[in-house]
Every structure is written in structure tokens, then in C-alpha cells.
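With the hints as your guide, set chain B onto chain A.
Single-letter residue listing:
Protein chains: 2
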Amino acid sequence: MESAIPGHLTVERTRHRRVPDDYAPPYPAFVARNRTGVRQVVMAYLGLQFRGAAPGHALDELDSAFAAPDGPGHHDRASQTDPAGYTDIVSIAYWDDPGAFDRWFKSHRQGWLSDDRPADGTGRWIEVIRPMIEEFETLFNLPDRPEGVAVIAEAWSDEIQEHAYWGGMRDRIPLSQNDPMPGGGAPEVQRDGARVRVHPKQGLCLIRSGQDWADTVGDERSLYLDDVEPVLRAGMDFLRDEGRPIGCYANRYLRVLGSDGQPSDRSFGMSWWRSLDALERWSESHPTHVAIFGAAMKYLMKMGPAAKLRLYHEVSVVGPDEQYFEYLGCHDGTGLLGAGLRA
Amino acid sequence: MESAIPGHLTVERTRHRRVPDDYAPPYPAFVARNRTGVRQVVMAYLGLQFRGAAPGHALDELDSAFAAPDGPGHHDRASQTDPAGYTDIVSIAYWDDPGAFDRWFKSHRQGWLSDDRPADGTGRWIEVIRPMIEEFETLFNLPDRPEGVAVIAEAWSDEIQEHAYWGGMRDRIPLSQNDPMPGGGAPEVQRDGARVRVHPKQGLCLIRSGQDWADTVGDERSLYLDDVEPVLRAGMDFLRDEGRPIGCYANRYLRVLGSDGQPSDRSFGMSWWRSLDALERWSESHPTHVAIFGAAMKYLMKMGPAAKLRLYHEVSVVGPDEQYFEYLGCHDGTGLLGAGLRA
Chain A
1 MESAIPGHLT VERTRHRRVP DDYAPPYPAF VARNRTGVRQ VVMAYLGLQF
51 RGAAPGHALD ELDSAFAAPD GPGHHDRASQ TDPAGYTDIV SIAYWDDPGA
101 FDRWFKSHRQ GWLSDDRPAD GTGRWIEVIR PMIEEFETLF NLPDRPEGVA
151 VIAEAWSDEI QEHAYWGGMR DRIPLSQNDP MPGGGAPEVQ RDGARVRVHP
201 KQGLCLIRSG QDWADTVGDE RSLYLDDVEP VLRAGMDFLR DEGRPIGCYA
251 NRYLRVLGSD GQPSDRSFGM SWWRSLDALE RWSESHPTHV AIFGAAMKYL
301 MKMGPAAKLR LYHEVSVVGP DEQYFEYLGC HDGTGLLGAG LRA
Chain B
1001 MESAIPGHLT VERTRHRRVP DDYAPPYPAF VARNRTGVRQ VVMAYLGLQF
1051 RGAAPGHALD ELDSAFAAPD GPGHHDRASQ TDPAGYTDIV SIAYWDDPGA
1101 FDRWFKSHRQ GWLSDDRPAD GTGRWIEVIR PMIEEFETLF NLPDRPEGVA
1151 VIAEAWSDEI QEHAYWGGMR DRIPLSQNDP MPGGGAPEVQ RDGARVRVHP
1201 KQGLCLIRSG QDWADTVGDE RSLYLDDVEP VLRAGMDFLR DEGRPIGCYA
1251 NRYLRVLGSD GQPSDRSFGM SWWRSLDALE RWSESHPTHV AIFGAAMKYL
1301 MKMGPAAKLR LYHEVSVVGP DEQYFEYLGC HDGTGLLGAG LRA
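Those sequence lines, one after another, are chains A and B. Residue 1 is where the first sequence starts when you use the working numbering, and the numbers rise one by one after that. Residue 1001 is where the second sequence starts when you use the working numbering, and the numbers rise one by one after that.
Worth double-checking, as some hints may not be accurate.
Straight-line distance between alpha carbons at most 30 angstroms, and here's what the computed DSS-like set of lysine-lysine pairs gives [said to hold, decoys possible]:
#: 1; chain 1: A; residue 1: K201; chain 2: A; residue 2: K302
#: 2; chain 1: A; residue 1: K298; chain 2: B; residue 2: K1298
#: 3; chain 1: B; residue 1: K1298; chain 2: B; residue 2: K1308
#: 4; chain 1: A; residue 1: K308; chain 2: A; residue 2: K298
#: 5; chain 1: B; residue 1: K1106; chain 2: B; residue 2: K1201
#: 6; chain 1: B; residue 1: K1302; chain 2: A; residue 2: K298
#: 7; chain 1: B; residue 1: K1298; chain 2: A; residue 2: K302
These are computed hints drawn from the structure, not numbers from a lab.
Isolated chain A (complex conformation) (with noise of 0.2 angstroms):
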């Protein structure tokens, strides 16, 4: 067993785990293991935004632009349909040379932003986060399919001790050893016809969670899809239509799309929050995330580790000048677009 933090990450603590050093999980997980040399990441996710048939054309002239010099060393795709009836098809990028990425993002934010974009009929957007590797972390049941950030990474750790407790989260962030992480207010709007920028404040937090059923068979896909996934998705319509209040600006609940645009048997959730502590407290106290909880529990206690369900997240906590959100022709409802007026 070992810690989250790696070796070349560790300095010396003004604030302490949460957990004593003879803490032992009650069962195994694991962290992706950037190489040293890696000092920040980017996170970006791309929007399409439209009504009816999807612009094929988008998509692709997007898949060429990150096939192009500078692109990401990562990136899947997703989507999901809102109340209003708007699908998102969201590409995630991962660079973990930010570089590349402004480089990357100098030639082809105009293909994705530009102003003639609204003329197709669809929305577009980005929101994007350039975490140190101070300020993310990882988390995966099992060491053997990377998802998100992880692929970008060098390896998978040993067994980690800062897990399965409430708290685990802020002690994986290797910033979280000497760094309380708070909030600032409320995001600034800054609007330009169809075109609007967001900027968050300091403390920002992300949260990319998700589950990969493909491998369930049987009485364990049934568990999976009838007794967790409907406890999951009210949740993430919680968050999506009432979390304002309680400092979740935004949520997504994703369906991964296979490389065919069908949809996989991967979906996740990623959610914009005014702090860490946000986060944390939604998750180990509001009902419907102790509802999620204890479904889960129930679903692993059942399965035992023959439990064939794969479970990650990524967490990041960012300042104001490692976020760049815009929205062009996206309907109201969209991202961070009302965060600033309900936070």
C-alpha cells in the first residue's frame, strides 16, 4: 500500500489527512501515476449543441483538428439530451503539456468558435481547466482500462491508502497538504451577442465520475441497470435542475459514444462546483448522493470482488487563471451560462 501522493509531490504538511497512518482501506483502489516531468494538464471539453440530426460535418472537421500538430494525447466523446430537448455531443481532450495545448487551441479555436458557427444551426462551446499536478486526482476500482486524464498517464499505482473514507478526495490532491482549497463567488457572465464568456472564481472544481458496465453479465448487469443506474440518474438530475443552492453550477450525465457514435456501455457524470468543499458535502450528506452510496454499497457488497462493474473519477480544483469557458448560439440552460445569476 502506498500513498496517493507520489514521492516527488510530497512537502512537508501544514494541514493533516483526515485518516491516522495506521488507516487500512476495507478494500483495494488505485491512482494513476503521471510521469515526473509532468507539471500541468489540460482538461478541455468541446460542445456541440443542436436539435434533430447531428452535423455529422462538425464532428469531423473536429476529429481533424485533433489528428493536427499539438493535439491532445487523449480524447473520447459523449452526449447527452437535456429537458429542453437539446442533445450535446461533447468531445474531452487531455493534454499534459499545456503548450501543446495553446498551441493546439491558436489554430483551431476559430474552427470551433468562430462567428459564422451559428449559421449551421447548432451551438457550440469549451470549457476548459489547466489543473497543476497538484491540483487533481485520480480514482479507479480496477488498475487495467485508463479512463479520461488516466490514459494520458505512465502507470497505475500500487493499492492506495486515502480511500474509502469521506475526506479521501481532498487527501488524494496533492495540494490538500498544505492548502484549505475554499470557493470565491459567483462566476462573471460576460455576454457579446450569441457569444458569452464565463469566469469562474478561484476554488473551482470539477468532477468527472463514471462507470463502465461493459463486462456485467447477468444477475449483475440487472443490479447494475435496474437497481443502481435509475438511483445514479436522479441524482445527476438533482444536480442538474436543483443544485444551484448547494454550489453545483452545472451536471452532466454522459453516455460515452463508441468510436461507431453508438452508444457504449460507459457513461459518466461531470459536474462544475463553486469549491471542493461543495463537492464534498453534497456527496457525504445530501440524500440523493447517500442514496447513490448506499446503492452501490449494496451492489458491491452483493458482488464481492467478483464484481465485474468499473468505477473512476478524476476531481480537479483550479484557480481563475487556469479556466476558459465560452458558449456561442448555446441555449440558456448550458454549462455555466446560469451559474453566475443562480450561484
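Just chain B now, kept in the frame of chain A:
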């Protein structure tokens, strides 16, 4: 709103609270405030163990002792019957002057635990801790009916900040400002015929956690008795029967007795733990307590501020010199008798 830690016990911190300074709990809670002159309290649990009919004289004698000089500031009485068929009637007495307790115990210990006591066929035991004022906390959902150590307190707090999150219990204990309160090794059990002394190590933790449903009527009463109590009982049974591997040395689930000796509409669990962190881990992640928490949350969500159910607890963490455990003629599963073997 105010801190659970009163001003005269506030010191410069080396350890942080788990929540930011702007944390606002979603519902109110209150703590008992002792006179500022109180430096240490004594909590004494005196047990009478028997099968069949209760030997009334023993309790009459104990009542006389409590009424004698240097007797406790408050006592109450409760009972349970364990799976082996033994009933324990437990008298719980509180002092806010350890000197008075010492004098009282010197005069009355023999009356409760003298060598000829087993002759009446009963077992006798006493479990005492004397936490410093920095080493315990209380919590009440309504500030109008003190229980336990709160009865000898002077007043109620205003609404306090440190509750409704995992870690609030620790954050309410003044010692948490600069002490991690770690647990020690297994208790030492010292046998001398029918008499046994048990010596737990540093960080021993006691929780008394109770509920009062006397004022509930109609649907609320059914909701408590049919939906909450069975889940609570299952958790209490788990700790009693299977708690050892997770650091729970012993648990009793007791019904409070009225002045007529009959069961009242009040109950509490009292459990001994290797350490505060062992109690924290069970509370926040074990399926049996997650179920209790879920049932209680559903109850409180449904009833809202109209709920008449009263909930309280008191939690103490003590060092090896602040404990006294003695058992005479008791069966092997009594209190901490098995803790040294199984912990």
C-alpha cells in the same frame, strides 16, 4: 451561530476543522455548555447483571449511595437483555467534580463490588471514564430536554456550526484543535477469580447516542417505530456481535427506565471503541450505519421541522489514567471482558 468549542477552550490550532469558516449547516443543532470552572467530568456506568427477576435490594442500595454525600449531579437508569439471556440494569451517574467522585467511590465501591456480592447470584460491573473538559462533546437536535452529561451542564449553546458533516464529532471536541487523538493497542485484561479489571489504552472512545420518541404521535410515531428503530437495532446488534474487527470493543442498546422502573419511550446505544477514528469509520461508511443514517435522514426529510423525535449523543476520548473498568461475577461477553482477546 457559534462554534461548538466555547471561547475559554479555544486555543491556537495546529489542526484544521474539516469545513471552511463559511460553512453553514443545513439544519440546527445545539451542545451543552458547562460552567467555565468545570475542568473534568466523571461518567460512571454501574451494571447489575442477572437472569430472571431483578434483585430489587441492589438497586435500592445503589439509590441510597447516589443520595449520600458526594453523590452524582445526575443519574439515570436503563436496561437491556443480551442474547445469552442475561439482563443488565445499568445506572449511569455523572459528576462535574472528580474529587467528589473519588470520595464517593471510596465510600461506596465496596457496596457495589464487594467480594460477597456474587452470593446473591448477580453480576456487578462498573465502567468509568473521567474526560477532561477538552475531551468530550455533546450534540442535541432540540435544546430543551438535556440527557446524560448535559443534565449537569449549565446552559445550552446557540445553534452551532460544527455538525451535519462527517468529522463534525471530532471538530466539536476541543482537544481536536491540536491533537489527533490516536488509539492504542488492545486492552489488558487482568483476572483475579470472579473479579476482572480491564485496562484499555490511550484514545479509548465512548459514545452514548440516544433517542426520545415520547412526544411522537400518529404517523411520526409509526415512522420511528416501524422504519427507523429496526434499522437502528440491526446496527446495534452488529456492533455487539461483530464489532470487534472494526474496533468496537462492546455495544449495549439500552431502554431507559422511568422512575417506576418501567421502560420509557427513550433508548440509547453506548459503545466502547479502540479510538475515535474507528468510530468515525463505522459511522460514515459501514453499511449498518449508512442504513441508520439513511433511515434517519428519510424520517427527518419527511417530518421536517415538525419532527418531535429528540436525538442526542455524547462522545468522549480518554487516556489510560482516566478509566476504570471492573467486573465481578459477570459472564464472558460483558462489556470489555472480551475486548482484549478479540480486538
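Structure-based check of each hint:
1. K201(A) to K302(A): violated, 43 angstroms
2. K298(A) to K1298(B): holds, 18 angstroms
3. K1298(B) to K1308(B): Given that 30 angstroms is the threshold and the Cα spacing comes to 15 angstroms, the pair holds.
4. K308(A) to K298(A): The given pair, whose Cα atoms are some 15 angstroms apart, holds under the 30 angstroms limit.
5. K1106(B) to K1201(B): holds, 24 angstroms
6. K1302(B) to K298(A): Since the Cα atoms of K1302(B) and K298(A) sit roughly 24 angstroms apart, the hinted pair holds (cutoff 30 angstroms).
7. K1298(B) to K302(A): holds, 24 angstroms
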